[in-house]
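*Asks:* Below are the chains, spelled out letter by letter.
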Amino acid sequence: MLSDADVKELLTDTGSDWFYLGDVSEDLISSFVAMIETRHDFQMLSRPCRRRLLSAVVECLQNIRNNTPPITSPSPGSVVYMKRQNTNEYGLRCGNVMFTKDVDVLKGKLDNINIAGVDQLKNMYVDQMERSLLNGSRTNAGLGLMEIARAVNGPISYRFLPLKGEYSFFCLELVITLN
Amino acid sequence: MEALFVPATKSTPEINFNPKTERYCITGRSIPADAADFYHSLEKWVEQFVLVQRADSITIDIKLDHLNTGSVRSLLSILAKIIRLRDQEVNLMINWHHDVEDEDMVDKGEEMSLILEHPFRFIPFRDDE
Chain A
1 MLSDADVKEL LTDTGSDWFY LGDVSEDLIS SFVAMIETRH DFQMLSRPCR RRLLSAVVEC
61 LQNIRNNTPP ITSPSPGSVV YMKRQNTNEY GLRCGNVMFT KDVDVLKGKL DNINIAGVDQ
121 LKNMYVDQME RSLLNGSRTN AGLGLMEIAR AVNGPISYRF LPLKGEYSFF CLELVITLN
Chain B
1 MEALFVPATK STPEINFNPK TERYCITGRS IPADAADFYH SLEKWVEQFV LVQRADSITI
61 DIKLDHLNTG SVRSLLSILA KIIRLRDQEV NLMINWHHDV EDEDMVDKGE EMSLILEHPF
121 RFIPFRDDE
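Protein sequences appear in the order of chains A and B. Read in order, the letters of the first sequence correspond to residues 1 to 179 in this note's numbering. Read in order, the letters of the second sequence correspond to residues 1 to 129 in this note's numbering.
This is chain A alone, in the form it adopts within the complex:
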C-alpha cells in the first residue's frame, strides 16, 4: 500500500475533493461517476471536457479493477484521490497493489506511451485494438493506459512503491487539463 507519509499527505490535504481507500468495484465506479456529474464545477465544463474527464476517471478506475491480482495479503485495496487544482485542471491519483514481477512489463508499456506523440499514440492505439480484435483477446493489453494518456493529453506520471514480499503498489498521478 502507499507509504504512511503518502497516506498522511493525502488525508490531510484540505483541498481534496474526494479520497477513497478500499476495493474498487463496478458499483463504486458508477458511484464515483455519478458523484462527479453532480458537481457544480463539472456541470460548468463544456460537454467534450466533461466526457474527457470522465473518460480518464473511468479508465483509471477500471484499470485498477481489472489489474489488481486476486490476493488476500497484503490487502488488495486501492487508493483513489481527486482534486480540482484550478479552473481547468483536475488532479487524479489512483493505484493498486500488483506483483513486483510484473512491474517491468507495465513500466515498459507506460514509457512507450509517454514518449509517443499524439499521432503516434493514435497509431499505437489503432494497432493494438486491431491485434486485440484479431486474436479475440478480452484483456486491455495497455489500451486503457493509452486511453488515459489521450484523455490527459500528455505523459502519464507514475510510481511503483515497494511493498513487503512479492508485491508493489502502482500509483498513477495525473493532471487532466481541460481547455
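In case anyone wonders, no lab produced these hints; they're calculated from the structure. A virtual CB, placed ideally from N, CA and C, is assigned to each residue, including glycine. Just to be clear, a hint being listed does not mean it is correct.
Output of the computed footprint for chain B on chain A, the stretches with three or more beta carbons under 8 Å from beta carbons of chain B [what the hints assert, rightly or not]:
#: 1; region: 28 to 41
#: 2; region: 46 to 57
#: 3; region: 120 to 133
#: 4; region: 164 to 171
Please build the complex by placing chain B on the supplied structure of chain A, with the hints as guidance.
*Replies:* Using the frame of chain A, we list chain B on its own:
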C-alpha cells in the same frame, strides 16, 4: 428472428436490434467494467442474425456519449461480424452519431471505421436533441 432489447443503465447503453422495424440502435453511455460480458448477448444475437437475415440494406445507428476501451473492443467485434454481410451484397450503413462539439468522439468513430475497413456516416447532434 426475435428482436433484442436491452434497457439502458447508468453505465450501459440501450440496445434495440429489431428486424421487424429494421431498427438497429445502440444508444446512451457505454462504460461497463466488463464490456465483453455486457455485449455478449448482442454478439450472440448478431451471429444468428447474419445467418438468417434477408434484407438488401441494413443501417446500424450508434449514438453514445461515452464509451470506454472495453466497449470499443466489443463493438468492433460485433460490427466486424455484421460487416460480413457485405459478402452477401447487403448495403450496410453504420451511422455514428456524435456530439457536434466533441471531436474526440469523431476520432473514435474514425478509428473504428479504419480498423473495420468500412466507412461510417458521421451525424452530429446537439446535447438537447
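*Asks:* May I ask which of the numbered hints given earlier this structure violates, with the numbers listed in increasing order?
*Replies:* Result: hint 4 breaks, nothing else.
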